[in-house]
Amino acid sequence: LGLALYASSLCAASGAAFLYHDYCVIGAGPSGLQAAYFLQRAGRDYVVFERSHAPGSFFALYPRHRKLISINKRYTGKSNSEFNLRHDWNSLLSHDRRLLFRRYSRDFFPDADAMVRYLEDFASLLKLRVQYNTAIIHVTLERDGQAWNGHYFLLTDQDRQNYKCSSLLVATGTWVPNVVNFPGSEYVEGYETVSINPEDFAGQTVLILGRGNSAFETAENILGVTNFIHMVSRSRVRLSWATHYVGDLRAINNGLLDTYQLKSLDGLLEGNLEDLAIVKDKKGKLHITLRFYLENRNTSAGIDSVTLPQDELDNFATRAPYDRVIRCLGWKFDFSIYNRSLRMMPGKGNKKKYPQIKPSYESRSTRGLFVLGTASHSVDFRKSAGGFIHGFRYTTRAVHRLLENRHHGVPWPSTVYPITQLTNSIIKRVNEASGLYQMFSILADIILLRENATAFEYLEEYPVGVLAELETQTGRKAPNGLFVVIMEYGRNFSGADKDVFYYNRAVGEAQHAWQSNFLHPVIYYYKRLPTEREMRLRPPDWPLPRPDAVHHIVEDFLTDWTAPNAHILPLRRFLENCLSTDLRNFFAESCFLFAFTHQKLPPFCRQGYVRMQGLVGSEGLRRHAVEAGLLEDYAPTDFPGDRPPDSREGSQDQLLRDHAIPVHPLQHLVNAKDE
Amino acid sequence: ELSPQEYFSSLQAGRASLAYFSHNVSPGAQPFLEQIENSAEALQDYGISVVKVNCPKEDVSRYCGKENALRKAYLFRGNMLIREFPTDALFDVNSIVANVLFALLFNEVKYVETLADLQNIENALKGRSNMVFAYVPATGTAEHRAVMEAAFAYGTVHQFVLTTEATLLKDTGDDESDVSSARLLFCHCQQATDLAEPCRRTAMGQTLTMLNIHRHLKLMGAPLVTEVAEDPEKVSTVHLQLGLPLVFILSQKETYEADRRTAEFVAWQLLGKAGVALLSRDLVDLNILLRSNVALKTPDEGVPIKYLVLEDTDEVITLVEDKNKIEQIQEDEEEEEEDEEEKENNNQDIQDDQVVEAVSRDKKRELPLEQILVLTEDTFHSALLETARTVVLFYASWEAVSLAVLRSYTEVADHLKGTQGVLLSRVNCWDWPGVCAKENVTQLPTIKIYEKGERSVMYNGMWGTEELTSFIMLSRVSCPLKLATIDEAEGYLRGEFPSELSSYHHTSLLGVFSTATSEAREAFEEAGSILSGHVTMGMYFEDDALALSRKYAVSPPALLLARSGGRSVEGIALSKQSAQDMVRTIRYESLDIFPEITVQNLPRYLQFRKPFLILFSDGDISQMESKEMLKLAKGRPQEAFVACWLNLKKTPVGRGVLKAYFATMPSLPVLVWVNLHAGGQVFKFPSEQSITEMNILSWLEKLKAGLEIPSSTLSEEDWKPPLPAYDFLQMMETAVPELPLHTSHRRGDTPERHPPESPGGDTAVREEPSQETKVEKVGSPGRDLRGTAPRLAAREKQGKRHSKL
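Chains A and B, in that order, are what the protein sequence lines are. In terms of full-length UniProt numbering, the first sequence opens at residue 1 and continues consecutively. In terms of full-length UniProt numbering, the second sequence opens at residue 1 and continues consecutively.
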């Protein structure tokens, strides 16, 4: 607070017409509001700029046909709120249980209006500081050695009002429609404005450019009334259930695939849109031709002189004329508002719609500028869920934690546990944690070992791409080695061309767990923190460099990894072997025996029994352990008559023991060390 | 070079010499002369001198005179002419040596031309001596020379027979050999008894050189089977010296005869290729697998003996004959070892955690949970307000230790059924992680006792029914309890007040304060809140506090301590103490001086990290022992050692302790000194001495002086992982070596650039074999036969992968 006061007073003193805030967030969409929530909870000085009069303006317009394809699963059979978030793709994170999306819609695929209402409530119920009707039109830097990052961000809105911030969080999403320019593209209608009334398409022949969810959604809407729909795009269709990527074509939108494959006149074509040209004939029909033909023609000649492909190739696929051509090519980030000094560069290749950022979500070229939400998807494009609410709500929290450490000396939240809780901590998290599950291979839990492996520190959902910088980014120390808990799909499982329904696709036995195909927990062990160089040179497709040891918990049909023998036991063995210790649990009686027969005790006895918290266990359990051969019964069984009659206490126990099955001495418990 | 006179006068009886007579210049004989001269050295070895006799021009004697005599060489023994050789038969050193020895060894080397001759000789030798039969395609060859040289050395031991007749070779049954190469067979006629049968033959496999023949004859002369009764590593036989392996047949007393026969059979098969020894395991202490039956020792130094398990004698023979097979068998063996390792590792998936296993074996039993209220996120807070005290067990339904505690908790609920003002409840943190996080539950299980609208206490005692019940009951009473009257104070010390606690064993503490000692009283009250549930604390500061203090001879501020058992009251003076000091004092003072050690109370005494003097007894100890030990304990402060006794009837695991100390159960009672925390030595008080304070003290003196020998020493090993983990990193590398993981540098080494990733199309193809091998491995029955029966059944059903469910 002091710092904030100091900073604001500084601005006032200089007399500039700047409104100062520590944090400026551009955009009050889901990620902007999510960031605002964390800043508010931490008591930071922040403001959110929203150009519209209400939050989530993108959702007020899109998707045009109003059906969200993020699932709103209201029932899971479980009451664990963290676990349930795994199947709630629309809620933002908050402490307020009223702000769960299932309270806003009963639909599995909710209407976009519900999202608008939800975001409005989220902003108002949590009293987030959002400045509406403020469109930031320019962002530039002001060098200042005193500033957190060596510069301030100067923002200008549509009314020439200036704002000054120490840290800039860009949550503007991707909203600029992708447009392709080719001869005749003026005849193309955009997804943004095309009619959503199917009646307007009755009896028409339609060509759709694009192959994403918006293209299929558009097709789905008019499928029943058109003559036929053709869909053209450079790439082949990628089905999300084959790629495990939620941004690919979702099954709910794929009605056109059905009609195409069943020869119901609709069809899919591959081709480069930039080679296309569209010519309109006198009747207003649109003909597909190639740019190549147009370039060669005599400019003075009329429409009839244009060569059409079918003139040379009379079975050319799209020779039939279209009534309408609709462009559904997605959106890109708005790069236009940033001064060149910020060097906001588009990504490479298929990530060019996103600005370039580091795995810590900070801009590659401007310190203190973080990109949140959909615009930050370049980190995990076509891999994980970072471009979607159910993913970026966690990456936004991670960014907030990084900022808390960097600017406010608040280290990454962590809990210290005794080593006996190690297996439990991992099992708990892999079973319920939603951030690990949604942001698989991107966010990871980090377990920092304390000296002599007697205790450990647990950090949740750290961006694994900046593992090498863990100590500076979190303010936690990792001198004694660490575990990284992450979730992964099998490396060769998903892909556009793979049969994901092949027989025997699931691994059942723990010893083959590394071949697991579905999402499953993986634990990496490093004796020391990997360096940046090691991170850079890690094998392609690996989220992390080669560990000293690795463990896969075998995939589970129910994603319930609590089976004592298949899940917990192999994990315990892995942890034991990494730490070179014995992590078994023991009844107090065993600890008593060890205390008198060994100079050292296993951790469970040391941290429990010796501290007067031994596990006495019920007689029934004791008997089970004896029957399992894991506990020796020392009660004499041979002279039942020898017992003095006055031993009231425990005589019943004695009796029970006498009837217990005699068991052979257990070398591995008593003399484990001699072997 | 001699003159004829000189030559003939130099001839000695019995000495052979080869002479060549020549006139000074005889150019045509020059090459022949060179060969003669070259062979001089070789013949010298056989005591044959080579002489060139220079004939004077005028000499016309027998050897010099005749023209054709000059074209010959003459072999003399003494001055007797044995043979004259035409110079064209002596074309090189080999032919000279061969022919000369052939002539000299006329008796030792029989030359045969027909099969009948051979059989006659063979029959004549049977039962008497062995025969060496050699076939050479022509005389005067290197092979011929080698045979003759061998005959020179062994001619007196074996009968040599030579032939140049190829048919004879065929007739001896050696069909395979081609007649252009020489052969040598050793015929074991000495042991032959059957006149009708030909002698057993052992062909020499190598080419006929002097060295090879020598080796072969040496091997034939060695005993067929050597009996060994020492460490095989130390055994050396002629075979090993000659660079051949030695096969040990491992024998036992019970199977000796059969093993002997096997050894002989094998020895015959391997004659000339390897030695065979019969090793009696009974006589040698071998640290090898019991099922090993054959060992192979190679002549190479430093190569350890390989112990093998072979099925039949053919394997022994191939073991020696086929080098490749050796490697293969060894590999098989290694694989088998690997399999064995795997078999051992297969225990990896067998539960060795006693708590987890006990809980999972109990999981089908329905727990009597009706007395325990289930709390949820919604009901948690309201429930806490309904009862004076709410006990909450925070657990996870998948976590073994908390499930074990839940079982004890149901027993507690049973004990406390009907108790007013106490509600037992539970929260499953797997269902309600929010509640557990908010209540700061970081470890499972956790028990907290919530007082209505007030603070909560976390239970930090043993997870046992009795301890937990007592804790809940004791913490119902405010701690410290303000006592109003002297009667209450007296009743409190007797354990009768408050009455609801009378059935629970507990130590009662009474703080006696005067009005001037408010500081100590505040510390006492604070200590009370810390110790609540573990001890009962009362407080009396009425006017007649002085009467109380006088009665127990203490001056306020002071503590009166009444133990649960005897109810004798001890007075403890309090000086200026903080609450923490007071807690420490109370904890220390409430310990028994000579306690009966149990599973539950041991930790309280362990914390002193002192040696233990334990009297193990089968049942109660006698009054006498108790008195003496008490005297001893009272005399020594607990800082020196912990004196205690153990009732084996109540604490049967004490037998396990004794078994670990002494191989057999000692006679009881037994007094033992254990340095638990320093060195771990265990000493046993001499059983012939009676347990008296004096005896024990003098024994302890001796211990200190190092005059006693410890019965055993406790292991100071760390607790290592009981079994290895699945090495997925290695599995990945072996199964899919193309994975870039493999090429990545080892940590710590200088990193190298990764080779470019293989083109995408490739990987799919390359992956196939790995999958196939996986399937194969699963299909092989050998793997499936391992593991416990239920697992096996499950595995057979489902294979490695779940195809449907």
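FYI, nobody ran anything at the bench for these hints, they're computed from the structure. Remember, it's a predicted structure, so these values are computed and weren't measured experimentally. You may find that some hints are simply not true.
Said to hold, decoys possible - In silico lysine to aspartate or glutamate, EDC-like type, Cα no more than 16 Å apart, as pairs: (1) A:Lys477 with A:Glu457; (2) A:Lys600 with B:Glu716; (3) B:Lys52 with B:Glu1; (4) A:Lys78 with B:Glu500; (5) A:Lys78 with B:Glu377; (6) B:Lys438 with A:Asp96; (7) A:Lys600 with B:Glu34; (8) B:Lys363 with A:Glu627; (9) A:Lys78 with B:Asp718; (10) A:Lys353 with A:Asp323; (11) B:Lys72 with B:Glu113; (12) B:Lys417 with B:Glu377; (13) A:Lys600 with B:Asp431; (14) B:Lys57 with B:Glu37.
Taking the hints in turn, this is what the structure says about them:
Taken as a hint, the Lys477 of chain A and Glu457 of chain A pair is honoured in the structure, with Cα atoms around 10 Å apart against an allowance of 16 Å. For the given pair, Lys600 of chain A sits about 6 Å from Glu716 of chain B by alpha-carbon distance, which is consistent with the 16 Å threshold. Restraint check for Lys52 of chain B and Glu1 of chain B: satisfied, since their Cα atoms lie roughly 5 Å apart, inside the 16 Å limit. Annotation: proposed proximity of Lys78 of chain A to Glu500 of chain B is violated, straight-line Cα distance about 42 Å (limit 16 Å).
Of the pairs offered as hints, the one joining Lys78 of chain A and Glu377 of chain B holds, with about 13 Å between alpha carbons and a cut-off of 16 Å not exceeded. Taking the CA atoms of Lys438 of chain B and Asp96 of chain A, the gap is about 14 Å. The hint holds against a cut of 16 Å. In summary, the hint linking Lys600 of chain A to Glu34 of chain B is not supported, as the alpha carbons are separated by about 89 Å, beyond the 16 Å threshold. Distance check on the hinted pair: Lys363 of chain B and Glu627 of chain A sit about 15 Å apart at the alpha-carbon level, within 16 Å; holds.
Using a Cα cut-off of 16 Å, the hinted pair Lys78 of chain A and Asp718 of chain B is violated, with the two alpha carbons roughly 42 Å apart. For the hint pairing Lys353 of chain A with Asp323 of chain A, the CA-to-CA distance comes to about 30 Å; that exceeds 16 Å, so the pair is violated. Note on Lys72 of chain B and Glu113 of chain B: the hinted pairing is violated, with a Cα-Cα distance of about 26 Å set against a maximum of 16 Å. For the hint linking Lys417 of chain B to Glu377 of chain B, the alpha-carbon distance of about 25 Å lies beyond 16 Å, and the restraint is violated.
At roughly 37 Å between alpha-carbon atoms, Lys600 of chain A and Asp431 of chain B are farther apart than 16 Å, so this suggested pair is violated. The suggested pairing of Lys57 of chain B with Glu37 of chain B is violated, with an alpha-carbon distance near 22 Å, which exceeds 16 Å.
Hint violations for this structure: numbers 4, 7, 9, 10, 11, 12, 13 and 14, all remaining hints satisfied.
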